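Dock chain B against chain A, hints included.
There are 2 protein chains.
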Amino acid sequence: SSAPADRLELLRSFLQLCVDRYYVSPGETNSDLFQRGLSCSYGPLGTELRRNLLEQWWHSVTRDRGQVFGISTLNISQEQAGLRVVECEHVKQILDQQKSKEELIQEIQLLLQRSPAVRTNLLTGALQQFVPSLELVNRKLPFGLAETGLCFQPSSASGCSAEITQTSLVWFCSPRTSSQWLDHWTRQRLKWWKKFALSPSDFSSSEVPEQELEDAASRGVRILYRFPWGSETLETLWNRGNAELLREHKGARSKLQCRDGQKSVPHVVSISGNMDRGVMAFLSNSLQQLSREEGRQKLQQRKVLKLHPVLAPVKVALNIGRGPTVELRQVCGGLLQEFLEAKIFTWPGYLETVQTSAEQQSAKYDEMGVLFSVLISENTLENGLVQVRSRDTTIRETMHISELRNFLSRYISAAENI
Amino acid sequence: SSAPADRLELLRSFLQLCVDRYYVSPGETNSDLFQRGLSCSYGPLGTELRRNLLEQWWHSVTRDRGQVFGISTLNISQEQAGLRVVECEHVKQILDQQKSKEELIQEIQLLLQRSPAVRTNLLTGALQQFVPSLELVNRKLPFGLAETGLCFQPSSASGCSAEITQTSLVWFCSPRTSSQWLDHWTRQRLKWWKKFALSPSDFSSSEVPEQELEDAASRGVRILYRFPWGSETLETLWNRGNAELLREHKGARSKLQCRDGQKSVPHVVSISGNMDRGVMAFLSNSLQQLSREEGRQKLQQRKVLKLHPVLAPVKVALNIGRGPTVELRQVCGGLLQEFLEAKIFTWPGYLETVQTSAEQQSAKYDEMGVLFSVLISENTLENGLVQVRSRDTTIRETMHISELRNFLSRYISAAENI
Chain A
2 SSAPADRLEL LRSFLQLCVD RYYVSPGETN SDLFQRGLSC SYGPLGTELR
52 RNLLEQWWHS VTRDRGQVFG ISTLNISQEQ AGLRVVECEH VKQILDQQKS
102 KEELIQEIQL LLQRSPAVRT NLLTGALQQF VPSLELVNRK LPFGLAETGL
152 CFQPSSASGC SAEITQTSLV WFCSPRTSSQ WLDHWTRQRL KWWKKFALSP
202 SDFSSSEVPE QELEDAASRG VRILYRFPWG SETLETLWNR GNAELLREHK
252 GARSKLQCRD GQKSVPHVVS ISGNMDRGVM AFLSNSLQQL SREEGRQKLQ
302 QRKVLKLHPV LAPVKVALNI GRGPTVELRQ VCGGLLQEFL EAKIFTWPGY
352 LETVQTSAEQ QSAKYDEMGV LFSVLISENT LENGLVQVRS RDTTIRETMH
402 ISELRNFLSR YISAAENI
Chain B
2 SSAPADRLEL LRSFLQLCVD RYYVSPGETN SDLFQRGLSC SYGPLGTELR
52 RNLLEQWWHS VTRDRGQVFG ISTLNISQEQ AGLRVVECEH VKQILDQQKS
102 KEELIQEIQL LLQRSPAVRT NLLTGALQQF VPSLELVNRK LPFGLAETGL
152 CFQPSSASGC SAEITQTSLV WFCSPRTSSQ WLDHWTRQRL KWWKKFALSP
202 SDFSSSEVPE QELEDAASRG VRILYRFPWG SETLETLWNR GNAELLREHK
252 GARSKLQCRD GQKSVPHVVS ISGNMDRGVM AFLSNSLQQL SREEGRQKLQ
302 QRKVLKLHPV LAPVKVALNI GRGPTVELRQ VCGGLLQEFL EAKIFTWPGY
352 LETVQTSAEQ QSAKYDEMGV LFSVLISENT LENGLVQVRS RDTTIRETMH
402 ISELRNFLSR YISAAENI
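Chains as they are written, first to last, in my numbering: chain A, 2 to 419; chain B, 2 to 419.
Treat the hints as calculated values from the structure; they're not laboratory data.
All values derive from a computational prediction rather than experimental measurement.
Heads up, some of the hints might be wrong.
Copies of one chain are not kept apart here, so a pair can be met inside one copy or by any two copies together.
For lysine to aspartate or glutamate, the following EDC-like pairs were computed, each having C-alpha atoms within a straight-line distance of at most 20 Å [what the hints assert, rightly or not]:
no.	residue 1	residue 2
1	K93	E103
2	K93	E108
3	K195	E342
4	K344	E56
5	K100	E398
6	K102	E215
7	K344	E417
8	K141	E353
9	K195	E208
10	K264	E353
11	K344	E383
12	K93	E104
13	K102	E249
Only chain A is shown next, with the shape it has when bound in the complex (with noise of 0.2 Å):
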């Protein structure tokens, strides 16, 4: 709805918050990657994030009745691909032995042939995992194989190869039920994407149309993300049919076949994500941009990025206030400590040594998505007292010290739970 010039204003401004909030590594060739949805150089707090994703994006798939095993292939390959990897010195051996160019083009074709492709997705692996996996559920569907990894990209317009972390969760039933379970994974994805959106109405599913449909496909739906300046796949499925499946297994039907009431070839519905946009969907999808007049009608703008509890990276800083330096400091590493033994990423604001306000500092913690924020000061060592100030409510309330890491568990695993 706004114009283009508006849209790219938002994204610059979207770009500069996630490298100066230590979500994304400065660079201007980084930012386009991660604009693109690929991978990027992260920081701390983008590492974190898509640690998280990854995280619950497993389990949210692996827990489906017992019926997804992990797997875990291999990258590199002798399989037929476009991208190989290539010895630089190797083909500099070639180049400079004195011979014909009729010999010279053969050996370089040789070299071509024996090095290792790269895998461009996680399908593959999985379909070669299939018959090993038969034994694990004693030949009977449907099951699935699921697999998170880094997949490569043959180059663009842009003449440049890239990487993607990408999820795959390759789900195999009998041929009738091919369709409905392509429904019932576009449900489950969809209400997972959902589940930790500040505003689920921007991701929705689409139907492939039909002229868009890959080789082997006879369905596809897509899960795309509505950014301000576009909409973009965070997720595809696919309901491939047994053509690749045989294919991969040079026909052997046997081999393949399931027990389903008819021994059947059984058919493959392929989800396969992409986690680097999907953290820069969510960071989208969790900006909050407030406009609000302080008393002498300063307009002031705050940005907040509102990630769900569960994602969000930090759950909680430290921070210290009036007071003996030493001592808070040393009061703080040890909440540092109990924390992160608890598995709460924790940010040692206590080590600034730059002077900021009290508003200052709730700003930047505002803009890097922190939860909470604890501020230990004089009051602290006389009583025990703490102010904890809260993202969302940007209240401040006082707790005792002894309480902190059992409140802030109790909330994470509250919002994990709703």
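Quick look at chain B alone, frame taken from chain A:
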């Protein structure tokens, strides 16, 4: 101490166990990769074991007093490096052109130069992230950058490139303290490996002899595991000085200087581990072979994978005994759901349809390293009691079904905090 033939037999039977019990996917090439300490295709149990191991590594390193930040850098880059990803299609296009030999050589060289390189270690990425990270720590030393990820290995004598799951902590400290930090991290890391070991004395550290030091390094330490068939390196620590850091940032000293009394360019201690070999080390270390005399002097060989409770992939297996199958399976299904929600990896043994004796089943679970197995029978339907067998004591206890989840959670978290 044992003869080479014995050791070979030991290795062979160990690899077979890993394949049979869903740790490593079948296939000779795959077993070979695994045995060489390289990434292989893992089955569901191997996938989970490596996940657990990486999770423990991450937790142990990043909880270090808030001075270690996680990062996630790119695998491919435009850096100078030996391994490059090329598109076959592009090479073919060049070879197909009707050009002179000289032009051909030139074009191929140009293509190689423009092709992205894949990383062979995580060090370079961390060195690049040093400058953006300085803001996080107010230019104060020491601090560290942690990362885990896939790295490629140039082809060895066998002529084939390979991949490894590496862990990396790059520690930046003042020049005068670097040797102490190397000692500190050696102790920490060795303690970590031993913590999860059944037989901790198989893990050791050893100073790298001077003639084996890498280019930049003034000192090195290896953490070794003594496999029955020979010692192998799990992790390597180097005191690298600051030459590489300076080179990476083109000698811009002022950008790199930190506040540690005297303005100096920090020294780098690198700690990089091979978690694929780590998986193999813990599997090998946890394997107990017990011979015992049965009733009629029949010699029974019992193999148990006594993996640490935190690392063991399967925490509990659910099985059904005598009674109405449909109802018993329903009970199991409910438990499975409950356990998986609580993130307790559960094995759906009740889905198996092949008849096996209780003895055979226990033997299988012991070889899988399953911590507890639960038997649900008609008894359970009457009074809610189940039988719980422990892998480590082989004792069967009776317990109420409602206590199971708490019992398992407590057992695992107790083992974690020892």
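Here is what the structure says about each hint:
Taking identical chains as interchangeable, the C-alpha atoms of K93 and E103 lie at most 20 Å apart whether they share a chain (17 Å) or sit on different chains (14 Å). Taking identical chains as interchangeable, the C-alpha atoms of K93 and E108 lie at most 20 Å apart whether they share a chain (12 Å) or sit on different chains (13 Å). Taking CA atoms no more than 20 Å apart as the test, K195 paired with E342 passes between copies only; the shortest distance there is 19 Å, against 30 Å inside one copy. For the homomeric pair K344 and E56, the shortest alpha-carbon distances inside one copy (14 Å) and between copies (11 Å) are both at most 20 Å.
For a Cα distance limit of 20 Å, the shortest separation of K100 from E398 qualifies neither inside one copy, at 79 Å, nor across copies, at 76 Å. Taking the shortest Cα distances, K102 and E215 never come within 20 Å of each other, neither inside one copy (39 Å) nor across copies (40 Å). Taking the closest pair of Cα atoms, K344 and E417 come within 20 Å of each other both inside a single copy (15 Å) and across two copies (12 Å). Taking the shortest Cα distances, K141 and E353 sit within 20 Å of each other only across copies (10 Å), while inside one copy they are farther apart (58 Å).
When the C-alpha separation of K195 and E208 is checked against a cutoff of 20 Å, the pair qualifies only within one copy, where the shortest distance is 18 Å, while the shortest distance between copies is 53 Å. Taking CA atoms no more than 20 Å apart as the test, K264 paired with E353 passes between copies only; the shortest distance there is 19 Å, against 66 Å inside one copy. Taking CA atoms no more than 20 Å apart as the test, K344 paired with E383 passes in neither setting, with 28 Å inside one copy and 41 Å between copies. In the homo-oligomer, the alpha carbons of K93 and E104 lie at most 20 Å apart both inside one protomer (14 Å) and across protomers (15 Å), since each shortest distance falls under that limit.
Proximity of K102 and E249 under a CA criterion of 20 Å is satisfied in neither setting, with 36 Å inside one chain copy and 39 Å between copies.
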